[in-house]
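Student: One-letter residues, chain by chain:
Number of protein chains: 2
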Amino acid sequence: MGGADIERLIALLARLPGLGPRSARRAALALLRQPQTRMLPLAQAMEQAARSVRTCSSCGNLDTHDPCGICADLARDRAVVCVVETVGDLWALERACVHRGVYQVLGGTLSALSGTGPDDLNLAPLLARLEEGGVREVILALGATVEGAATAHWLQDRLAAYDVPVSRVGQGVPMGGALDVLDDGTLAAALTARKICS
Amino acid sequence: MGGADIERLIALLARLPGLGPRSARRAALALLRQPQTRMLPLAQAMEQAARSVRTCSSCGNLDTHDPCGICADLARDRAVVCVVETVGDLWALERACVHRGVYQVLGGTLSALSGTGPDDLNLAPLLARLEEGGVREVILALGATVEGAATAHWLQDRLAAYDVPVSRVGQGVPMGGALDVLDDGTLAAALTARKICS
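The listed protein sequences derive, respectively, from chains W and Z. Each position in the first sequence, counted from 1, maps to that position plus 185 in the working numbering. Each position in the second sequence, counted from 1, maps to that position plus 185 in the working numbering.
Do not take every clue at face value.
[Claimed, not checked] From chain W, some residues computed to sit far from chain Z (all C-beta separations above 12 Å):
(1) L298
(2) D304
(3) A346
(4) G355
(5) V358
(6) T377
(7) K380
[Unchecked claim] Quick list of simulated restraints, FRET-style, between CB atoms:
(8) W:L298 - Z:G254: 39 to 47 Å
(9) W:Q219 - Z:E279: 17 to 25 Å
(10) W:A374 - Z:R211: 23 to 31 Å
(11) Z:R321 - W:A196: 31 to 39 Å
(12) Z:H250 - W:S242: 42 to 50 Å
It should be emphasised that the hints constitute simulated quantities derived from the structure, not laboratory data. Glycine included, every Cβ here is placed at the ideal spot set by N, Cα and C.
Pulled out of the complex, with its shape left as it was, chain W reads as follows:
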């Protein structure tokens, strides 16, 4: 088709999540058609990001600074810590502008299958904050999966010693969701989480 360099580019693009061999070829072609205006800027953005990216030693977020922009932001409420599984979850909450506190990124969930135990979770900074005092609430925003629920249970036990309220995000019908397309688990959770309106 088009030389080893092009084959190698396609192979590396195909390893990105969301791209398969076919879409990697399309992406490679789009880049190859505009090497100067599209491919080199992307390559340079990658090198720049690879050089500058840091894991925040305080919360586990990815940013070009350590501490990250959220931890360094004096307007954020450091007394409310939201625990999430991944940086992607943190970004999702930030896009929704629904949390004005800070975060703790666990970097995963407890999972016997993948061999992730308590020591593999990035929990030490949160425990240190709790030791220091001044934390008003810990919000567990973990996924509604078996592993997420198990991790939330384990965290509730682990954090009980600190005498700080620990909450979990609500479960139920997603916004815009019709009931007849929801799975049984979501319907059960929604019924259990029902509130009296009047």
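Keeping the supplied structure of chain W fixed, place chain Z upon it in accordance with the hints.
Tutor: Below, chain Z alone, put in the same frame as chain W:
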């Protein structure tokens, strides 16, 4: 979320075909988690390809050499020229290993809508080959679209002067395709292209 460098990386990834804002964020996160082992190799592959990619002056293919690997391959039958719209079409035919001749990449189709006229098509190398003589057949492998059909008709007229057989790829039911999911145009083409079996 994560600094200007990361925002810029996501914005550039989101411009790739097949990636939207959401999948660009997922791809960026996957790269940011492994800056040394995933992001830098991809960035370097892009820079390398951007530097080395050439448009074949003979057929219009993209390769790291000019003439491209296909045009330079002495085992290919230079007397049979397959005319395609894009480099992607050429690659698709190469993957299928169904054409042992050479190619001519037009770089588009005649289209009043996008203002593509005969002068915008990369046809000169094919005409030069026909002038030289030695071409046994020109195969038009253009898309079964309005523009593809119009371009094929125009090419048939344009090439009539050279006294070389011009063929068009067959149209009909795609392999593995059930008739009841096909559109009316494909069914009509399939019926028109029917062959007597016995």
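Student: Are the hints correct? Go through all of them and say.
Tutor: Verification of the hints:
| no. | hint | verdict |
| --- | --- | --- |
| 1 | L298 | holds (20 Å) |
| 2 | D304 | holds (20 Å) |
| 3 | A346 | holds (32 Å) |
| 4 | G355 | holds (23 Å) |
| 5 | V358 | holds (22 Å) |
| 6 | T377 | holds (30 Å) |
| 7 | K380 | holds (31 Å) |
| 8 | W:L298 - Z:G254: 39 to 47 Å | holds (45 Å) |
| 9 | W:Q219 - Z:E279: 17 to 25 Å | holds (22 Å) |
| 10 | W:A374 - Z:R211: 23 to 31 Å | holds (26 Å) |
| 11 | Z:R321 - W:A196: 31 to 39 Å | holds (36 Å) |
| 12 | Z:H250 - W:S242: 42 to 50 Å | holds (49 Å) |
Hint compliance for this structure: every hint is met.
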